[in-house]
Structures are given as C-alpha cells and as structure tokens.
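Trainee: Given two chains presented individually in distinct reference frames, assemble the corresponding complex, making use of the accompanying hints.
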Amino acid sequence: MSYQTDRQRVEGLGSAKDGTHEWWGQRISAIALIPLVILFVLPFAHYLGADYDVIRRVYAHPFNAIVAILFFITITFHLRHGLQEVIVDYVHNKRTMTLALLLNTMFTTVLGVTGIFAVAKIAFAG
Amino acid sequence: MADIKQRDRPLSPHLMIYRPLYTMLLSIMHRITGVGLTLGLLMVTWWFLAAAIGEEYFAYADAMLNSIIGGLILIASAWALSFHLCNGIRHLFWDAGFGFDLQTAWRSGMAVIAASIVLTVIVVIVAIGGH
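Sequence lines, in order, name chains R and F.
This note's numbering puts the first residue of the first sequence at 8, with every later residue one more than the last.
This note's numbering puts the first residue of the second sequence at 24, with every later residue one more than the last.
Keep in mind that the hints were calculated from the coordinates and are not lab data.
Quick reminder that beta carbons are idealized off the backbone N, C-alpha and C, glycines included.
Among the hints, erroneous ones may be present.
[Said to hold, decoys possible] Only some residues are given here: those of chain R computed to face chain F with a beta carbon under 7 Å:
id	residue
1	Ala-39
2	Pro-42
3	Val-44
4	Ala-52
5	Tyr-54
6	Leu-55
7	Ile-62
8	Gly-89
9	Gln-91
10	Leu-118
11	Thr-121
12	Lys-128
13	Ile-129
14	Ala-130
In isolation and in its complexed conformation, chain F is listed as follows (with noise of 0.2 Å):
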C-alpha cells in the first residue's frame, strides 16, 4: 500500500537544472571547507600531542608544521578557518530569520569572501611577526 504511494512521488529537481549562481559555490564551498579543516586541527593536535610528549619528538613535529609543505597546509587552513568562521556567522544570521532577500545574501557572500581574505592576511602577519 504505502510502496504503491511511495513509486508515485515526485522527485525535488535537481539541483544541475538551476543556473549556476556564486552564492551556490559559496554554499557547497562551506562544507569542503569544513571537511578539509579536519586536515588542519589534526596537524594541530600531532603539534600539542608532540609537545605534550617531549622536547625531542616536539622538534620533528615542529619541523614538520614550518616545512614549506606544513606551512602551505596551514595557510590554506588559515583561509578555510576564516571562510567557514564569516561563512557561518553569515548562516546563523539566516538561522535568526536576517538576510534572506537575494540582494543581501549576494552582497553578504561578497563580504564574506573578502573578510576571509583579509582574515588569512592577519593571521599571517601574525604568524611571520611571531617566531
């Protein structure tokens, strides 16, 4: 009875029959962001576990973070962070019921894309000013 029912439903469109829209990037780019930032708290947490450990096991990590190859990860995770930090301050703002008229969520992933930027840079700044 239900299966009868079941065969008959229609299916949602799918989502390639749309006019691809940057605000649709920004929307997936949250999610690929927030998958690979696992890579990033995984270096982090082998740098801590390394210090936690000692003084010898500590330089390789440590090492291993300022290579150029560790450095590239973490840049990239320093822009994910930012993106999906403003990115996700931009969806609890939609959660609160703000922003959903598509002018504003144009203008808002605007504002995201170029706050991230800006954040990376800081961090960055940071980073070389540091140690």
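In isolation and in its complexed conformation, chain R is listed as follows (with noise of 0.2 Å):
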C-alpha cells in the first residue's frame, strides 16, 4: 500500500517540492572545487606568513588573482548549499528554519562577495 497522501499522489511530489537545481548546485560546485581547492590552498600555504608587498605581488598576479576569485565564488555557493542541507535536516520549526535560511544566504553571499572584493582590490592595483 502506498503511504502518501492522496493529494501527494495526485501532485506527484514529495515534501520539499522542488530541491534537484540544489543538488546538481551542490555537485557541480563540489567537482570544480577539486582544482580549485589545490590551486588555492597551496600558495596560500606557502606564502603565508611572507611580507606584506610580497602577498600583494603575489595576488596582484593575474593566475593567483583569478584562482582566488573562482575559488571564492564557488566555495561560498558551496557553503550556502551545504549549510541549506543541514538547515533544512535539523531545523525542523517552519518559520525558525525560514529566518536561518535566509541568513545563511545572507551571510555566505557577504563572505563571498567580500573575498571577491579583496582579491580585486589587491589586484587592480597591481
């Protein structure tokens, strides 16, 4: 015997509604991080604790500078997505779980965007 609703059987969806755009989001971001995540983690690695001109040479650099702003891109859109599962598992009060979506969106975009932000300044100006 089937345990949906006859409403459900009728609408042919499940609780969520909608949610594939997110977890192809969530896949695609995960697979362009792979590179991403290398060629970001190692130069920071490496030139961490460098001086000040060296790191704003080294991100001024047209490679360096563009890595760095996909990989904020995309690892923020990451972020948002998995911080969104684990939202929408735990949180189970409607209008709780509403306000912490829109503040994880609010939030992971203000990371972003301020990263973005940082890698340009540094690199416009060369």
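Mentor: What follows is the structure in structure tokens.
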C-alpha cells in the first residue's frame, strides 16, 4: 500500500516540492572545487607569513587573482548549499528554518563578495 | 482525512538501533568538517580583506593567523578540508553509482582517512617550507 496522501499522489511531489537544482548545484560546485582548492591552498600555505609587499605581488598576479576569485565564488556557493542542507535537516520549526535559510544566504553572499572584493582590490592596485 | 492517515504512518528506524560502524562516523564527519570549515574560510577571507585594506591592518590579521591558536585552527582546517575533499570525491563516486558494496565502502573510507592525513602533512610542509 502507498503511504502518500491523495493530494501528494496527484501532485507527484515529495514534501520539499523542489530541490533537484540544489542537489546539482552542490555536485557541480564540488567538482569545480577539486582543482580550485588545490590551486588556492598551496600558494596560500606557501606565502602565509611572507611580507605584505610579497603577498600583494602574489595576488596581483592574474593567475593567482583569478584562481582566488573563482575559489571564493565557488566555495561560498558550495557553503550556502551545504549549510542549507544541514538547516533543513535539523531545524524543524518552519519559521526558524526560514529565518536560518535567510541568514545563511546573506552570510555566505557577504562572505563571498568580501573575498572577491579583497582579491580584486589587490589585483587592480597592481 | 489526510490527518488521520498521517497518524498511522510508520517511522523510519531511528539511527541508534543500528550497531555503530566507522562508515557512519565518516558520514557525520563529512557534515561536521563542512560546517567547521566555515571558521577557516572566515579567517582566510578576513586575511585577504586585511591585505586589501592596508599594511598596518594586514600586519595585525597576519599575526593572528600566524599565532599559535591561529596556526592550530589553520592546521585543523587543513585536515578538515583534506578530509572533506577526499570524502567528497568518495560521495561523487557514489552519486555516479560506483562503490556501493560494503567492502568497497569500507576500503574507500580507509583510503579517505589515510589520504586526508597525507594531504594535511603536505600542506603543513608547504607552509613551513614557505615564508
């Protein structure tokens, strides 16, 4: 026997109504992050502790700047999806969940834009 | 009508009735490392912002990241990132339909733990060998 309500059977949808694009978004960003994480972390680890002028010069280089900006875009996108998955799984109150999702989107967007702005400012200053 | 039906619905078995397996630990660790990496990303973003603001503020942020506590958070983040990356690749293989049988899942889990430690050591060596 089916445990679906009549209405759900008619609509042919689960309780979430949609979400396939969220699932894909998480996977596509995950794949993109495999090379990006490696290309971002190794120079960061190598130059961490270097003088200010050295850091400015490293991230003014087009390759490092483009990698860093792509990294910030992709990782904050991936973070938003990941935290959203955790929120919808563990926060059961509808109002709290909506608020948490809203804050999550704001937080990850601000974080991403901050990172992109910082790298761009360093890169364009030369 | 729908409400009455809802009450009769069975609950899925609760997680705690299963014998704990290390693959279950890996599963929850994927989430914990993912959420925890938010802190590492915040620190790195702050460091970049400081570099964009100016030399004086950068010196402050850079000293924080290079302090003992900052360093420990960064090393923990390096391991969390390594683990999340390796286990994420394991998840992508599952998504593509590979590696579901028990023995493969068991072995790939062990490989993830080993690889995450190796990658962390590499990152730490790169960091120490740098500036």
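Trainee: Could you run down the list of hints and mark each one as holding or not?
Mentor: Structure-based check of all given hints:
1. Ala-39: violated, 12 Å
2. Pro-42: Where the cut-off is 7 Å and the nearest Cβ of chain F is about 11 Å from Pro-42(R), the hint is violated.
3. Val-44: holds, 6 Å
4. Ala-52: Holds. Min distance 4 Å.
5. Tyr-54: holds, 6 Å
6. Leu-55: Nearest chain F Cβ about 6 Å off; hint holds.
7. Ile-62: Holds - the Cβ of Ile-62(R) comes within 7 Å of chain F, reaching about 5 Å at its closest.
8. Gly-89: holds, 5 Å
9. Gln-91: Hint on Gln-91(R): violated, closest Cβ of chain F at ~11 Å, above 7 Å.
10. Leu-118: This interface hint holds because 6 Å falls under the 7 Å limit.
11. Thr-121: holds, 6 Å
12. Lys-128: Holds: closest Cβ of chain F sits about 4 Å from Lys-128(R), inside 7 Å.
13. Ile-129: Where the cut-off is 7 Å and the nearest Cβ of chain F is about 5 Å from Ile-129(R), the hint holds.
14. Ala-130: This hint is violated: Ala-130(R) lies away from chain F, its Cβ roughly 10 Å from the closest one there, beyond 7 Å.
Checked against the numbered hints listed earlier, the structure breaks hints 1, 2, 9, 14; every other hint is satisfied.
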